[in-house]
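Chain C: place on chain E using the hints.
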Amino acid sequence: MGSGLLEALGNPLFSFLRTALIAGLLSSIIFGIVGTYVVTKRITYIAGAIAHCALGGIGFALYARHELGWTAFDPMLGAFLSAIGSALLIGAVVLSRSEREDTIIGAVWVTGMALGILFVKKVRRAGVSIESWLFGNINFVSDRDLWMVSLLGAGVLLLTVLFHKQFVAICFDEEFARARGLSVPVFYLLLLCMTAVSVVLLVHVIGIIMVIALLTLPPAISSRLARGLPTMMLCSTGLCALFIVAGMEISLRLNTVVGPTIILVSAAAYFAAFMMIGRFNR
Amino acid sequence: MAAALEFNNVDFSYDGSTPIIEDASFGLDKHESICVVGPNGGGKSTLIKLVLGLLKPQAGTISVLGRPPDESRAAIGYMPQSLHFDPRFPITVLDVVLMGRFGSGLHLGPFRRRDKEAAEAALERVDLDGFTRRRFSELSGGQRQRVLIARALVDEPRLLLLDEPTANVDQTFEKQFHETLRELATEMPIVLVSHDLGFVSSWVEHVLCVNRHVHMHPTTSISGKTLREIFGQGIVAVRHDQDCPPGEHVHHRGGDCDHHSKHG
Numbered sequence: 001m002g003s004g005l006l007e008a009l010g011n012p013l014f015s016f017l018r019t020a021l022i023a024g025l026l027s028s029i030i031f032g033i034v035g036t037y038v039v040t041k042r043i044t045y046i047a048g049a050i051a052h053c054a055l056g057g058i059g060f061a062l063y064a065r066h067e068l069g070w071t072a073f074d075p076m077l078g079a080f081l082s083a084i085g086s087a088l089l090i091g092a093v094v095l096s097r098s099e100r101e102d103t104i105i106g107a108v109w110v111t112g113m114a115l116g117i118l119f120v121k122k123v124r125r126a127g128v129s130i131e132s133w134l135f136g137n138i139n140f141v142s143d144r145d146l147w148m149v150s151l152l153g154a155g156v157l158l159l160t161v162l163f164h165k166q167f168v169a170i171c172f173d174e175e176f177a178r179a180r181g182l183s184v185p186v187f188y189l190l191l192l193c194m195t196a197v198s199v200v201l202l203v204h205v206i207g208i209i210m211v212i213a214l215l216t217l218p219p220a221i222s223s224r225l226a227r228g229l230p231t232m233m234l235c236s237t238g239l240c241a242l243f244i245v246a247g248m249e250i251s252l253r254l255n256t257v258v259g260p261t262i263i264l265v266s267a268a269a270y271f272a273a274f275m276m277i278g279r280f281n282r
Numbered sequence: 283m284a285a286a287l288e289f290n291n292v293d294f295s296y297d298g299s300t301p302i303i304e305d306a307s308f309g310l311d312k313h314e315s316i317c318v319v320g321p322n323g324g325g326k327s328t329l330i331k332l333v334l335g336l337l338k339p340q341a342g343t344i345s346v347l348g349r350p351p352d353e354s355r356a357a358i359g360y361m362p363q364s365l366h367f368d369p370r371f372p373i374t375v376l377d378v379v380l381m382g383r384f385g386s387g388l389h390l391g392p393f394r395r396r397d398k399e400a401a402e403a404a405l406e407r408v409d410l411d412g413f414t415r416r417r418f419s420e421l422s423g424g425q426r427q428r429v430l431i432a433r434a435l436v437d438e439p440r441l442l443l444l445d446e447p448t449a450n451v452d453q454t455f456e457k458q459f460h461e462t463l464r465e466l467a468t469e470m471p472i473v474l475v476s477h478d479l480g481f482v483s484s485w486v487e488h489v490l491c492v493n494r495h496v497h498m499h500p501t502t503s504i505s506g507k508t509l510r511e512i513f514g515q516g517i518v519a520v521r522h523d524q525d526c527p528p529g530e531h532v533h534h535r536g537g538d539c540d541h542h543s544k545h546g
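Those protein sequence lines, which keep their order, are chains E and C.
According to the working numbering, the first sequence is numbered sequentially starting from 1.
According to the working numbering, the second sequence is numbered sequentially starting from 283.
Honestly, the hints are just simulated from the structure, not real lab data.
Since we're looking at a predicted model, the values are computed, not measured.
No residue lacks a Cβ here, since even glycine has one placed at the ideal position from N, Cα and C.
Possibly wrong hints are sitting among the right ones.
[Claimed, not checked] Calculated cross-link-like contacts (lysine-lysine; reagent style BS3-like; alpha-carbon spacing at most 30 angstroms):
no., chain 1, residue 1, chain 2, residue 2
1, C, Lys457, C, Lys331
2, C, Lys312, C, Lys331
3, C, Lys312, C, Lys457
4, E, Lys165, C, Lys331
5, C, Lys331, C, Lys398
6, C, Lys312, C, Lys398
7, E, Lys165, C, Lys338
8, C, Lys398, E, Lys165
9, C, Lys338, C, Lys312
[What the hints assert, rightly or not] Some chain E residues well away from chain C (every beta-carbon gap over 12 angstroms; in silico):
no., residue
10, Leu81
11, Leu89
12, Ile104
13, Gly155
14, Val156
15, Leu189
16, Met275
[As the list claims (entries may be wrong)] Derived list of chain E stretches under chain C, where covered just means 3 residues or more per stretch with a C-beta under 8 angstroms from a C-beta of chain C:
no., region
17, 163-171
18, 225-236
Chain E on its own, in the form it takes in the complex:
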């Protein structure tokens, strides 16, 4: 059995752990806020498609970097571009009502993944694999991630402070919001872009595949307790941070992969809350 998180944080050999922990805690704020909108607006599957689609951008960036010599093309940039692109694409199709929502979600989902895998398999250089992007690789976490999380987090916070009531209005009752003259398409697309930013943030800690669990399970638990959305956001942020810390602690002690461990901790808490709160509520 390995040592716990506290001792490991003091060990200079494991400085990446400290960076990962800080990145996780900072991201919790964004996850708590954006996840609350995602859960109440019921767009978990759109978030899932956006996350998986980011893989397309990652794959292309890795290919461009190692095979085409575009050394400046960072996989994170590729992830952001394809996540935002898929968010706008799904959003535009949903708003135009020209296709069934779940059908376009599925189509974008698989296209992104297929492109990502296709490009990565064309990279001949050794040591480049898709796996650490799919499931996370905590060794990849760097100080640059911290800057990125802080900067994008500040952006999400600012948008929330400015437009929270508009987001609440479209989450609760889109038809009424439209009747009151609110530009529903603008705020809907903005919300999807905020979701796109969030799912890419923790790619090194959690990976692309399972990140929607951390986005949606804490708000799902909080929604049963909270009276309003602000409380739900605070509560979700706290739970998200707790799951990350607990997951890292467990993964160190049992020597398991960090990402899936954090996700399993969240899922266990969700199912426990589902059974307990459900019993008390009704």
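Leaving out everything else, chain C in the frame of chain E:
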């Protein structure tokens, strides 16, 4: 003085070929209220969306409070059908009512003090003062409908547009609810989609039958009681020949209201 509502030869279809509303003409005065009836799929919701300016007619003109619908939108107090709410949505009663305060403009940051005062006043009007901090999902069906009325009232509307406000309300509360509406009808014109013509007919001046074609009927000469005696409780349509001199109405065009149908 401009009319509350005026439709002149309005045609509408979603796909350009199947008409949903055809050649609709009617007018509503500023001191009058109207009950919209008709079968499901007959075009009632489309009519509401045309009044709100969310849909544009292919032909004809619509004027709301003397102006085009999208210019008047801020002055319309709207209550949509409540069927599509997520019953688990965590939101307080006050926050639901505040959503009515998006008039025009960008509205950056949180709601202001005067918005909250307006919301509290609107809740008082529907006898829900003291409910501001309650969770919306904890309320009974009737209380929720009253919250939605408060949300429609919070921006000081000059026209109320209510889409099946009593759909999920239990019978005991229904009467009380219509008392609230009757009171509001003395202050502003109300356009109400409802199956409960029996309750409504005592305070609306007109009944509007919508089934692709649109026909307006006066209700002044029949009381709610007689209507109920004639049609029973679950009335879905008006017999057009009931209250009009013979020959004044032409009903042989296709797709009219089913003039003799009842249910329930």
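Outcome of the hint check:
| no. | hint | verdict |
| --- | --- | --- |
| 1 | C/Lys457 - C/Lys331 | holds, 28 angstroms |
| 2 | C/Lys312 - C/Lys331 | holds, 20 angstroms |
| 3 | C/Lys312 - C/Lys457 | holds, 25 angstroms |
| 4 | E/Lys165 - C/Lys331 | holds, 24 angstroms |
| 5 | C/Lys331 - C/Lys398 | holds, 28 angstroms |
| 6 | C/Lys312 - C/Lys398 | holds, 29 angstroms |
| 7 | E/Lys165 - C/Lys338 | holds, 28 angstroms |
| 8 | C/Lys398 - E/Lys165 | holds, 13 angstroms |
| 9 | C/Lys338 - C/Lys312 | holds, 23 angstroms |
| 10 | Leu81 | holds, 29 angstroms |
| 11 | Leu89 | holds, 24 angstroms |
| 12 | Ile104 | holds, 20 angstroms |
| 13 | Gly155 | holds, 16 angstroms |
| 14 | Val156 | holds, 16 angstroms |
| 15 | Leu189 | holds, 17 angstroms |
| 16 | Met275 | holds, 16 angstroms |
| 17 | 163-171 | holds (count 7) |
| 18 | 225-236 | holds (count 6) |
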